[in-house]
Amino acid sequence: MHELRITRENARFQQWEALLGNRSKRHRNREFLVQGVRPITRAVEEGWTVRALLRSDGSSSAWADELWSRVDAEHVTLSPDLHARLSGKEEGAELVAVVEMPEDGVSRLAGTARPHGPVVVLDRPTSPGNIGALARSADAFGASALVVTGHAADPYDPRAVRASTGSLFALTVLRVPGPGPVVEHAHAHGYRIVGTDEEGSPLADVTLDGRLMVVVGNETTGLASGWRAACDEIASIPMVGTASSLNAAVAGSIVLHEALRRRG
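In this note's numbering, the protein residues as written are 14 to 277.
None of these hints come from the bench; they were simulated from the model.
Note that the coordinates shown come from a computational prediction; the quantities given were computed from them, not determined experimentally.
Watch out, some of these pointers could steer you wrong.
Okay, the calculated beta carbon distance ranges per label pair [what the hints assert, rightly or not]:
1. D78 - H40: 28 to 36 Å
2. G124 - D70: 34 to 42 Å
3. S257 - R224: 29 to 37 Å
4. N260 - A123: 28 to 36 Å
5. R18 - G155: 42 to 50 Å
6. R274 - D117: 27 to 35 Å
Glycine included, C-beta positions come from ideal geometry on N, C-alpha and C.
Input sequences plus hints: build the corresponding full structure.
Right, here's the structure in full:
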């Protein structure tokens, strides 16, 4: 295993720091930063490729020492001040992982670790936190994949990864420009496409059997017309009280939980 020590801000460090806030550099390099004990542990356990492990020059935990000795990746020791700029304020901040982004091909949906789990589609989400929150629910309720379509926030944004508490790594994650290839895959593999919207049928009346694709619209504008046309049914979630609508991640979570409940 290659080991490196960096004590001053050089080109390598600047490249990693750019991954925190620069989406285009993340996608050009096909890598992103993962912070915190649970997300890093899940990334390793789920078999994502770790390109580098970064740690602070100083004391570390048994967890960090064990991963450092076990993970086949470039090992980099940083001065404490440089490391602090990459690690955020997460528990277990003594390690940061540079993880390789998987390919975005829709064909990956056919090889998920949970072949019978629902596929969750987020249409043009603007909030990285909502992506992470829905990834967490998707994992908890047995989904197989998370697909982000259209001009959207980035599922590999550190805020999305943190909000998922590592659940992002249990899912097949794709970014797709529009509905076309995802809808073709759904039709070819027998998925029922169910959207969520205030104007749909009550959730209790919507069929959630068999292979299921749940589509959650943009936080402000709802489902794009292309997705609306592709849906077999649109589900609305009955509400009381004064709230005008539900958070997108919450709406998706409710549909996923209801589908799981019906599966028994």
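Problem set entry | Contradicted hints - numbers only | none
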